[in-house]
Amino acid sequence: MEEYIQKFSNKVIAAIENLPKREISKALNILQAVYERDGRIYVFGNGGSLALATHWVSDFNKTVFSHHLSKTVRRFQAIRLPTTEEELTAWANDVGFEMVFAGPLQNYLQDSDVVIAISSSGQSPNVIKAVELAKKNKIPIIGLSGFDGGKLNTLADAKIFVSTEKGEYEIVEGVHAVILHMLTKYFQDYFDHLE
Amino acid sequence: MILARAPMRISFVGGGTDLPDFYRRSPGRVISTAINQFVSIVVHRTPYVDKISARYSLSETVDRPHDLEHPIIRAALLDLGINKGIEIASFGSLSAKMGLGSSSSFSVALLKGLHAFQGKKLDRAEVAEAACRLEIDLLNQPIGKQDQYAAAFGGFNIFQFNPDGTVDVEPILLDYQKRSALEKHILLFFTGLTRSAAAVLSEQRSNIDAKFGTLQKMAESVYEFKEQLLKGNWPVLGAMLHEGWQQKRSLASTISNSVIDQLYLKGMEAGAWGGKVLGAGGGGCVMFLADPERQEYIKQAVSVVARDNHLEDFRHISVKFVQSGAEVLFNGDGHFNSHLI
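Protein chains in written order, with numbering that gives the first Met the number 0: chain A, 0 to 194; chain B, 0 to 340.
So that you can see chain A by itself, here it is in the shape it has in the complex (with noise of 0.2 Å):
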């Protein structure tokens, strides 16, 4: 049992080891700049990246300013894709389910906007449709992805690439959310420097 235990620990480790440190920092620029423009962050993704998602947006838009709730004017606005689950099942009933996020991603797009897709493969068609409709309006993205990237990696601005074996769906989904942590933790950092 403690075998099983330390392989799969071994699998996170060495995902943790060779985080994109660059790309993580360019993502921290890119969520910067948005803030300085009052900009809003769209996150989406299936399964449990949509969960990553939800738990994301809560700490961003909340446990980055918890020190500071009663001073700090602006805050971070970031939105899960989409906002209603009416939203989805309409989209994906009427139209298909590779309109999920692009869909409702069209009615709130604005040029001041930017994305974070989340996709373990990369390659979910809902995914890269919305993002896809990003690109064409020179919208930044923040692409994470496992596995070997996928369209998602090719076409993000900040590339957060967690390489693992094809499938490895736990290790991936389990370092993006440390990596969604860490965004958070550097910009609650930020605020209570700024105090």
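It should be emphasised that the hints constitute simulated quantities derived from the structure, not laboratory data. Note that CB positions come from ideal geometry on N, CA and C, so glycine has one too. Heads up, some of the hints might be wrong.
Sample of chain B residues at the chain A side, in silico, Cβ under 10 Å [what the hints assert, rightly or not]:
#1 ASN35
#2 LYS111
#3 ARG123
#4 GLU125
#5 GLY153
#6 GLN176
#7 GLU326
#8 PHE329
Based on these hints, arrange chain B on the given structure of chain A.
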């Protein structure tokens, strides 16, 4: 209505190596950062008024773009084929000709706005190149490319100007602690003297052959500057600025003058580690790198020189770095122009 903006910049080392007479023969390099001072442009559609209006320090309303006085707006409209039904207004948080690259910030913000007006979106590299083309190719200004790139990209970067005309952009990824430490060590003064970059650069350009080796050293020094910056080695960075400024002064007789020399010397005597004049020279801003503990003393010493020389507009400018580059902050035409899936 469309609102676009682009930041001004401060450059540290390598200025002057972005001139084509140099980089066509040997790669030029500049390290610079965008600052929290912006040029903003508002573009407004007037479908039932067949005129062109431009509002800056003057206000013009004309029938054809050709009749506009403002050379940059005129050239941009002619080039983009915008003939009527438009109002353009510009706003700057600091005045022009201060050595902070505002002229190119203006071009970059203008082009970002005018393209949005036409339903076209430009990324950072595209708007940088469009502004270079406008200022250098269409308007024949004897300037380099660093300001257009700094305004378009935002943040802290090394720009490399390649002999084939392409530009490589290497972001310097400083965390907030390093950024804020550098901000605290910078002391920036507007001298109160303004100059047009073009006059100084014309002389500098004609001296490129004689100063080729100096320019190569300046282009090379950006890497060392970056290393020291990542280490937060402020006194060494100050010394590098000082050396770069001495090299730059030697490039053309008009880069410095006796008032600037006095201001600079006084700041150094008062304990600055080093510094430089920002922009093409002949006026603009003087920047020092100094221990925060010494800054009040330096401020006072330099202010005395300014008073003695009757520099009425002399002032200290507090600088913060920004990650923002050229951006459209608001696009009321967006729903017509957005690119669908």
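query = Taking the closest Cβ pair, is ARG123(B) under 10 Å from chain A?
reply = 9 Å, holds
query = Against chain A, with CB atoms and a cut of 10 Å, does the hint on GLN176(B) hold up?
reply = 7 Å, holds
query = Can we keep the PHE329(B) interface hint, with Cβ of chain A closer than 10 Å?
reply = Nearest chain A Cβ about 8 Å off; hint holds.
ask   = Quick one, is the GLU125(B) hint okay against chain A at 10 Å, beta carbons?
value = 8 Å, holds
ask   = With a cut-off of 10 Å, does the beta carbon of GLU326(B) approach a beta carbon of chain A closely enough for the hint to hold?
value = 5 Å, holds
request  = With chain A as the partner, please determine if LYS111(B) meets the hint condition of a C-beta pair closer than 10 Å.
outcome  = 9 Å, holds
ask   = When the nearest CB of chain A is found for ASN35(B), is that gap smaller than 10 Å?
value = 8 Å, holds
ask   = Would the hint on GLY153(B) stand, with a C-beta cut-off of 10 Å toward chain A?
value = 6 Å, holds
Figure legend: structure checked against the earlier numbered hints; every hint is met.
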